[in-house]
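Chemist: My request is simple: use the sequences and hints to build the entire structure.
For reference, the chains in residue letters:
There are 2 protein chains.
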Amino acid sequence: MKAEIITIGDELLIGQVINTNQAYLAEQFNLLGIFVEKMTTVGDAPTDILQAFHSSWNNFDLICVTGGLGPTHDDITKKSICQFFNKELVEDKDVLKNIEELLSNRNLKLSNVAIEQAKIPKDFTSLKNRLGTAPGLLYQINHNGKNKYFLSLPGVPYEMKSIIENEFIPFFKNQKVNEFILHRTIRTTGIIEAHLSDKIGDISKLLGTDDTAKLAFLPSPRGTKLRITIRSNNETFAKNKLLEIENEIYSKVNNYIYSNSDIEIEEVVGKILREKKLTIAIAESCTGGFISNRITNISGSSDYFLQSYITYSNQSKINLLNVSKSNLELFGSVSKEVAIQMAIGAKNNSDADIAISITGIAGPTGGTIEKPIGSSWIALSDSENVISKFNNFGTERLLFKERASQYVLELLRRNLLGLSI
Amino acid sequence: MKAEIITIGDELLIGQVINTNQAYLAEQFNLLGIFVEKMTTVGDAPTDILQAFHSSWNNFDLICVTGGLGPTHDDITKKSICQFFNKELVEDKDVLKNIEELLSNRNLKLSNVAIEQAKIPKDFTSLKNRLGTAPGLLYQINHNGKNKYFLSLPGVPYEMKSIIENEFIPFFKNQKVNEFILHRTIRTTGIIEAHLSDKIGDISKLLGTDDTAKLAFLPSPRGTKLRITIRSNNETFAKNKLLEIENEIYSKVNNYIYSNSDIEIEEVVGKILREKKLTIAIAESCTGGFISNRITNISGSSDYFLQSYITYSNQSKINLLNVSKSNLELFGSVSKEVAIQMAIGAKNNSDADIAISITGIAGPTGGTIEKPIGSSWIALSDSENVISKFNNFGTERLLFKERASQYVLELLRRNLLGLSI
Chain D
6 MKAEIITIGD ELLIGQVINT NQAYLAEQFN LLGIFVEKMT TVGDAPTDIL
56 QAFHSSWNNF DLICVTGGLG PTHDDITKKS ICQFFNKELV EDKDVLKNIE
106 ELLSNRNLKL SNVAIEQAKI PKDFTSLKNR LGTAPGLLYQ INHNGKNKYF
156 LSLPGVPYEM KSIIENEFIP FFKNQKVNEF ILHRTIRTTG IIEAHLSDKI
206 GDISKLLGTD DTAKLAFLPS PRGTKLRITI RSNNETFAKN KLLEIENEIY
256 SKVNNYIYSN SDIEIEEVVG KILREKKLTI AIAESCTGGF ISNRITNISG
306 SSDYFLQSYI TYSNQSKINL LNVSKSNLEL FGSVSKEVAI QMAIGAKNNS
356 DADIAISITG IAGPTGGTIE KPIGSSWIAL SDSENVISKF NNFGTERLLF
406 KERASQYVLE LLRRNLLGLS I
Chain V
6 MKAEIITIGD ELLIGQVINT NQAYLAEQFN LLGIFVEKMT TVGDAPTDIL
56 QAFHSSWNNF DLICVTGGLG PTHDDITKKS ICQFFNKELV EDKDVLKNIE
106 ELLSNRNLKL SNVAIEQAKI PKDFTSLKNR LGTAPGLLYQ INHNGKNKYF
156 LSLPGVPYEM KSIIENEFIP FFKNQKVNEF ILHRTIRTTG IIEAHLSDKI
206 GDISKLLGTD DTAKLAFLPS PRGTKLRITI RSNNETFAKN KLLEIENEIY
256 SKVNNYIYSN SDIEIEEVVG KILREKKLTI AIAESCTGGF ISNRITNISG
306 SSDYFLQSYI TYSNQSKINL LNVSKSNLEL FGSVSKEVAI QMAIGAKNNS
356 DADIAISITG IAGPTGGTIE KPIGSSWIAL SDSENVISKF NNFGTERLLF
406 KERASQYVLE LLRRNLLGLS I
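Protein chains in written order, with the numbering used here: chain D, 6 to 426; chain V, 6 to 426.
It should be emphasised that the hints constitute simulated quantities derived from the structure, not laboratory data.
Possibly wrong hints are sitting among the right ones.
Same chains, same names: a pair is fine if it fits in one copy or spans any two.
[What the hints assert, rightly or not] Pairs of lysine to aspartate or glutamate, EDC-like flavour, derived with a Cα cap of 20 Å:
(1) K219 with D49
(2) K204 with D80
(3) K257 with D387
(4) K210 with D80
(5) K219 with D53
(6) K257 with D207
(7) K124 with D203
(8) K166 with E401
(9) K153 with D49
(10) K281 with D387
(11) K92 with D267
Modeler: Shown next as structure tokens:
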């Protein structure tokens with residue numbers, strides 16, 4: 006099954022917004038065995054939209070359109086769909102009910118504009134949008150014995166994703182498709198992409214020559230993901246091949262892998278803390294709350310996360326964490342001594358089982374020759390001892406936060422599992 | 006001048022890579038007065054590439070292609086260009102020299118593969134690539150008195166950017182183009198898109214009927230951006246028209262606007278705090294560090310941000326912020342009384358001029374009938390008084406954090422500026 010993704014929006018054509026919807030949709034469609042062959046972006050102009058629909062509907066089995074479903078004048082996708090398929094708009098009771106619920110939950114009134122959103126093209130099915138007022142729209146016909154699908158989704162990424170996950174994927178899994186595409190993502194951290202590649206060695210030897218397997222290296226500031234993809238008509242073959250490659254990768258770079266499912270390290274760490282019934286406190290300076298934010302992004306984190314001290318100023322390090330003034334003066338706030346005092350202070354004052362601290366220079370200014378931008382001291386204090394580590398996470402502020410938080414969470418994971426640090 | 010951007014690469018079609026090149030190129034072209042009307046992505050397949058060239062070359066004045074210029078077997082863009090324009094490959098001495106230099110700088114030898122890269126399609130101009138071996142390629146013809154351009158660039162983002170900045174922009178600024186494209190982004194928060202649209206009213210009245218102006222609504226959990234775009238041959242006219250529309254929007258929804266440049270509210274708030282020489286502390290429960298993280302994303306935030314208390318557990322609210330046990334028992338942790346005590350505690354214990362607190366239920370679990378998921382109490386304590394506010398930020402954890410942080414930062418901004426709250 007071949008698909009085209011059409012994204013609509015002037016904001017994309019002027020470069021104000023990076024098109025993340027395309028990549029997300031392409032990934033999801035691939036997992037469903039739908040092969041994306043083309044992606045097109047056009048502006049909020051009726052002629053351009055209709056032209057895109059026209060050329061796509063003739064050539065592909067699935068057309069997925071995002072954007073232009075909102076309530077304002079520049080949202081013209083629904084109108085264009087009606088024109089293209091020669092359909093009128095009819096009220097959809099489910100959509101209306103959903104809009105009423107969403108607005109009343111947030112103490113908002115139902116406006117005329119909102120009521121307009123409850124109208125959908127005749128013969129289309131509405132797909133529930135749990136997070137916004139514009140529903141997904143699905144049209145399905147059988148053309149020469151083959152199913153053809155037209156899917157229209159809101160452009161707001163989280164709304165689009167919610168509809169794909171909760172509505173489209175369950176629907177499509179009930180359709181009969183004969184190809185199996187299996188993916189496995191292995192997440193690594195603490196090693197750069199080139200070294201990871203060196204350690205894994207000859208890719209063609211790893212994947213075999215039958216062209217059913219692919220391996221992608223996906224680097225980011227948090228580490229490199231390895232994605233294995235198997236395409237086959239035989240499900241058992243695909244599963245065995247996937248397992249074989251996964252085992253081979255583990256045998257080579259096991260020490261850098263923190264997960265073989267596509268979840269963040271804060272979720273991995275959270276599970277371990279819950280299993281071990283341990284609690285944690287954090288003392289953050291340079292990361293300014295980013296580590297705590299990542300930990301509390303996980304639902305249920307209140308089971309193990311007690312509190313954090315975001316001690317940006319020196320005085321707050323003294324007041325909240327009992328860091329000594331003399332250490333601050335003697336060694337500076339970015340020092341092993343201060344990091345250790347922060348971790349111990351956080352552990353004692355919070356009564357947590359483990360405390361971790363970080364103090365550093367996030368940049369882009371503030372470095373010195375002895376302590377260049379990016380310099381960081383990290384300390385971990387648990388029931389047994391205190392360890393400290395130095396690292397440099399680079400000169401770009403937001404990248405610094407990404408890298409530093411990942412390092413801290415991996416340090417915590419290794420400490421919890423008794424792995425070498 | 007109308008343009009299409011064509012990006013080439015299988016990695017884009019399976020969602021492995023987010024296409025950031027498109028947005029970068031679109032932004033740069035807009036600044037040059039080149040209007041991007043379409044973007045297309047195809048895989049590393051000769052037929053698809055040629056088809057994309059064909060439909061584009063007929064319809065646009067500038068075609069910009071990225072990707073597929075590398076040295077390996079799957080890089081087929083140059084071959085496709087030769088086929089499309091019916092040109093042969095000829096060696097380019099400048100490119101060869103550049104490749105030799107790049108390789109010798111890294112102590113690498115000139116290989117046959119590298120020499121192949123020095124060949125470019127006849128009648129094309131090479132654009133120097135300072136960071137890699139594949140040059141940019143530019144073809145220019147005069148068609149019915151109008152200039153037409155075909156630009157091909159490597160897909161590696163930093164190489165592509167380097168060629169655009171150092172080669173294409175200086176070249177294009179010497180070409181005579183008569184169009185001016187102006188953009189202004191006005192950022193609003195605290196009002197949903199549909200209501201904002203209602204308040205702004207008749208768009209055609211606002212923009213006029215001469216088709217030079219556009220207004221886009223760009224919603225996100227942090228608020229809705231309004232983007233005005235003016236296209237005109239007359240620069241003064243364009244500037245005046247932009248100002249006129251901006252003023253009209255201000256007159257209607259002034260109360261929801263926090264910036265008329267494209268910056269986040271934490272930067273707006275940071276500037277005000279610095280100007281007023283005020284310091285701030287935050288007490289976060291449900292947002293778990295997200296507000297502090299946003300504030301510290303701004304370089305120089307240590308000038309006004311002292312510290313935060315991430316008090317997730319009840320005990321930490323008592324210990325760090327002097328919240329009374331009786332209030333926690335009587336009213337619960339998500340209550341007006343506790344929020345107020347948190348703000349006062351944070352202010353007193355940190356010595357900050359202003360403290361803001363938030364306590365709520367971020368979801369997706371943990372709600373009750375009286376306090377459904379999303380419920381939040383926020384309090385602000387400054388030198389004069391304490392205010393408190395209730396809000397519901399919805400049931401999805403990460404969206405909750407986005408909305409809540411935006412609300413808190415806007416409350417702070419309004420308080421700092423003495424606006425109604």
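Chemist: Against this structure, judge whether each hint is valid.
Modeler: Against the structure, the hints come out as follows:
no., hint, verdict
1, K219 with D49, "between (36 Å within a copy, 10 Å between copies)"
2, K204 with D80, "between (50 Å within a copy, 17 Å between copies)"
3, K257 with D387, "neither (30 Å within a copy, 57 Å between copies)"
4, K210 with D80, "between (51 Å within a copy, 18 Å between copies)"
5, K219 with D53, "between (33 Å within a copy, 16 Å between copies)"
6, K257 with D207, "within (12 Å within a copy, 64 Å between copies)"
7, K124 with D203, "between (56 Å within a copy, 19 Å between copies)"
8, K166 with E401, "between (30 Å within a copy, 13 Å between copies)"
9, K153 with D49, "neither (25 Å within a copy, 25 Å between copies)"
10, K281 with D387, "within (13 Å within a copy, 42 Å between copies)"
11, K92 with D267, "neither (41 Å within a copy, 39 Å between copies)"
In the structure shown, a violation is registered for the earlier hints numbered 3, 9 and 11, in ascending order.
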